[in-house]
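Participant: Sequence:
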Amino acid sequence: LKQSQDLIRRADRLSSLGMLTAGLAHEIRNPLVAIRTFTQLLPERYQDPEFRNSFQAVALKEVDRICGLVNDLLNFARPSTPNVSAEDINEIIEGIVRILETEAREKEVQIYRRLASSLPKIFIDKEQIKQVSMNIILNALQSIEGRGVVEVSTRLFTRNGSEQFVQIEVRDSGAGIPEKDLEDIFTPFFTTKKDGSGLGLSISHQIVQEHGGYIVVESQVGKGATFFLNLPVKPPIQQEVKDRPQVYEEDSGR
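Read in order, the letters of the sequence shown are residues 119 to 372 in this note's numbering.
Treat each hint with caution, since some may be false.
Claimed, not checked - Heads up, simulated SDA-like pairs for lysine to any residue below, C-alpha to C-alpha not over 20 Å straight-line:
no., residue 1, residue 2
1, Lys341, Gln282
2, Lys239, Arg265
3, Lys352, Asn201
4, Lys352, Gln282
5, Lys225, Ile146
6, Lys341, Lys239
What the hints assert, rightly or not - Each pair of labels, with its calculated beta carbon distance range:
no., residue 1, residue 2, range
7, Glu328, Leu300, 19 to 25 Å
8, Glu297, Tyr230, 51 to 57 Å
9, Gln174, Glu226, 31 to 37 Å
10, Val151, Gln228, 22 to 28 Å
These are computed hints drawn from the structure, not numbers from a lab. We put the beta carbon where it would ideally sit given N, CA and C, even for glycine.
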């Protein structure tokens, strides 16, 4: 069962990666065109020191940009064994947003970051939480037809006066989720997308639950949706999580 779960999680991660490929190919092509143009002009303008310096600066900048994109993609797609360690959630969110910015620009969607400073590091499996964050933010982008906005925020959140969580909020201006579907969105194979597998949110729900956290969803049709991912600050206790996280609440618990 564990092997099957790992395979399904990896398949979902690769599915998300495939959706990004066309946009990222375009993003990589642009710097390559700039480098090619400068390379063609270099022989006839080699004696011009200003041109040589400009060529060097542009080439290094564009190569670094390509390397950054490729590394982000490889880090996201690479399978990994579970490895819990103290991580900075803002660094994870920044990496995911960098990958998705190309697709957002092509869809004319603005991604805004509102990341709280001085958040404590939390004990998580970095690769698994990257997969969850990618899935939620990518879903937010895909829910928007035409121009729109996705806001990604982080903050420290206290529940019941004592339990501390790092909260990731993903808010979109998309179509929203009908109330009748809210209870089912984390059910395996439930999807409203024509080409969706119905596994992404189910896997995300399970990963967050295994970390001792929970997800809350708020939505109104025509006004977008907001996902709150809550991950505990304290180190995880090696025991089964008894309480299943609530999918939807009248009070968001923020």
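Participant: Each hint should be assessed against the structure and marked as holding or not.
Facilitator: Status of each hint after checking the structure:
1. Lys341 / Gln282: Violated, at roughly 29 Å.
2. Lys239 / Arg265: violated, 35 Å
3. Lys352 / Asn201: holds, 16 Å
4. Lys352 / Gln282: Distance of about 8 Å is within 20 Å: holds.
5. Lys225 / Ile146: Given that 20 Å is the threshold and the Cα spacing comes to 18 Å, the pair holds.
6. Lys341 / Lys239: violated, 33 Å
7. Glu328 / Leu300: 19 to 25 Å: holds, 22 Å
8. Glu297 / Tyr230: 51 to 57 Å: Roughly 27 Å apart at Cβ, these two residues miss the hinted range, so it is violated.
9. Gln174 / Glu226: 31 to 37 Å: holds, 34 Å
10. Val151 / Gln228: 22 to 28 Å: About 26 Å separates the Cβ atoms of Val151 and Gln228, which means 22 to 28 Å holds.
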